[in-house]
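Residue numbers (my numbering), protein chains in the order written: chain B, 1 to 243; chain X, 1 to 296.
Be aware that one or more of the hints could be misleading.
Which bits of chain B does chain X cover? Going by a derived footprint, with three or more residues having C-beta under 8 Å, they are [said to hold, decoys possible]:
no. : segment
1   : 5 to 17
2   : 34 to 45
3   : 169 to 178
Only part of the chain B face toward chain X is listed, based on derived beta-carbon distances under 8 Å [what the hints assert, rightly or not]:
no. : residue
4   : Met1
5   : Ile21
6   : Asp23
7   : Pro24
8   : Gly26
9   : Lys31
10  : Met81
11  : Pro98
12  : Ala121
13  : Ala122
14  : Pro126
15  : Leu127
16  : Asp128
17  : Pro149
18  : Pro186
19  : Phe188
Because the hints were derived from the structure by calculation, they are not lab data.
Ideal Cβ positions, reconstructed from N, Cα and C, are used throughout, including at glycine.
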Amino acid sequence: MSQSLFARALLDPQAAIPPGIVDPEGRPAPKRFSVYRNNVALSLTRALEAAFPTVRKLVGEDFFAAMAGVFLRANPPRSRMLMLYGDDLPAFLASFPPVAHLGYLPDVARLDQAMRESYHAADSSPLDQADFERLLGEDLAALRLSLAPSLRLVRSRWPIVSIWAAHANGGPAPKPGPEDALVLRPDFDPLPQLLPAGGGAFVTGLLEGRTLGEAVDIAGPKLDLPAVLGLLISGRAISGVTA
Amino acid sequence: MAPAFPAGALSMGNPMLDQTLSLPARPGVGYKPQHFAAILANPHPVGWLEVHAENYMGDGGRPLAQLRHLAERFPISVHGVGLSIGGEGPLNRDHLLRLKQLCGWLNPASFSEHLAWSTHEGAFLNDLLPLPYTPATLARVADHIDEVQEVLGRRMLLENPSTYVAFAETAMGEVEFLTEVARRTGCGLLLDINNVYVSGTNQNYDPVDYLDAFPLQLVGEVHLGGHDEDRDDQGRRLLIDSHGAEVVDPVWALYARVIHRAGPLPTLIEWDNDVPDWPVLAAEASRAAAILEPVA
């Protein structure tokens, strides 16, 4: 029995059952084989449901399961760590015709994915007050901040944080407009925060390793620097600083 | 971590096993994060915990923090579901090294995997898929186990599978296959008695005959779990290993038969789907304890 044929038949419901798969009396056993087909599809669908809770709420359980069935057959996991499975679901959704009218859906999927990555990311210790006090004597604009490995930035032309909040904890109905999400994990539970004006460009600059001064310049005059720094500090997301 | 284990953890006194198998001969449960607080408050009668290796291969966060905490209190068994030991292709080296890293910092009391395959040409199918039992598959499985034990630097336990289909090319029985794998590699065995019951029903053999032929002196751990029931192509009973229900009475009877013959063995209650509240799981563990304690 070739495992290639077995694997192909698992992922393709139309494929023939591999020869030599029988019941104990040696008779063909397609219904028995279908147990494995169902196990594969169901277990991977469950993994995607757990990974993309907001997407699932937006499209409904039945649609999500059907969509997951299409996705998993074309994109079976490449890693045995299912905690990472589905990182190409946002791109899949962006070109999946049945959701073409839901323009925000791929970005919402990116936010769900960012939340999951943050949950499993490495731990880090934030700078404490004494660290910050020492910095006051420095040339602040020349400093580079190291951000926590659990921090994620998702920029969108859709109101993704409001959409997330409306579905996760009954927040108000989202209003149209771009929103940049900063996922922070102060302890073990990631939370997406709405970045104030200029925040997306500023954090992008920091993630690229630019100095504070450069990141402020990139963000432009609309940047609400105290608000963004306040988010980073309260989210315990600044883990180091170098002059 | 070097937890102290109660005496009598190894019933058969096999000196090969004594070096590595150090789970206590008590009930354990598959750890679920929703039970974290309940377990710390009152684990009775549970004496050890099992985790799926792949769920603890992330870089940090709550899963690893909880596991570190639990490992200070309980012996831990690491149970892999992704090595694909029965796969046609080579073992995935990256995955094996992640496993080595996990076993390195955690120093679990036991590591086990399945007689099954789950990966083909890079695609992970997330199920424990069956293989025919032939001289060729035996050689391949033995080679893979040699490699695992060499990389991890420890003996592993190999678990008998639940199966739903048979293979025309199968040339030997499952017990014979497992016994020979253990002889060639020096690995121990994990005896899943629910799997024996499920496969016996599905493959038309008597689970009692299977268990009476099983080399119990090689068993370092027992699994008990629940299953679902379906019908096959001929309308006959087909049992599906679901880990989503209580252990059924016929499986408890088989378990008692094994324990009376072998003496007390580390015994895991596996409940992975539709996971119940802690008291339900603890009650299953108590039922195992009631069978283990009289022979301890």
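Each hint, compared with the structure:
Note: the segment 5 to 17 of chain B has 4 residues with beta-carbon separation from chain X under 8 Å; the three-residue rule is met and the coverage holds. Interface restraint, the segment 34 to 45 of chain B with chain X: holds (6 residues with C-beta to C-beta distance below 8 Å; minimum three). With a cut-off of 8 Å between beta carbons, the segment 169 to 178 of chain B has 0 residues touching chain X; three or more are needed, and the interface restraint is violated. Contact between Met1(B) and chain X, as hinted, is supported at the beta carbon level, the nearest pair being about 6 Å apart and thus within 8 Å.
With a cut of 8 Å, the hint placing Ile21(B) at the interface with chain X holds, because the nearest CB-to-CB distance is about 5 Å. Among the interface hints, the one on Asp23(B) holds; its C-beta lies about 6 Å from the nearest C-beta in chain X, closer than the 8 Å criterion. Below 8 Å, beta-carbon pairs count as interface contacts, and Pro24(B) has one with chain X at about 4 Å; its hint therefore holds. Annotation: Gly26(B) was flagged as interfacial toward chain X, and the flag holds, the nearest CB pair being 6 Å apart, inside 8 Å.
This hint holds: Lys31(B) has a C-beta 4 Å from the nearest C-beta of chain X, less than the 8 Å allowed. Annotation: Met81(B) was flagged as interfacial toward chain X, and the flag holds, the nearest CB pair being 5 Å apart, inside 8 Å. For Pro98(B), the interface hint is violated, since its Cβ never comes within 8 Å of a Cβ in chain X; the closest pair sits about 24 Å apart. Using the Cβ-Cβ criterion of 8 Å, the hint placing Ala121(B) at the interface with chain X is satisfied: the shortest such distance is roughly 6 Å.
With a least beta-carbon distance of about 4 Å to chain X, the hint placing Ala122(B) at the interface is held under the 8 Å criterion. The interface hint given for Pro126(B) is violated, since its Cβ lies 14 Å from the closest Cβ of chain X, which is over the 8 Å cut-off. Contact between Leu127(B) and chain X, as hinted, is not supported at the beta carbon level, the nearest pair being about 18 Å apart and thus beyond 8 Å. Because the smallest distance between the Cβ of Asp128(B) and any Cβ of chain X comes to about 20 Å, over 8 Å, the interface hint for this residue is violated.
Using the Cβ-Cβ criterion of 8 Å, the hint placing Pro149(B) at the interface with chain X is satisfied: the shortest such distance is roughly 7 Å. Violation of the interface hint for Pro186(B) is found here, the shortest Cβ-Cβ separation to chain X being roughly 12 Å, above the 8 Å cut-off. A distance limit of 8 Å between C-beta atoms decides the matter here; for Phe188(B) the minimum to chain X is near 4 Å, and the interface restraint holds.
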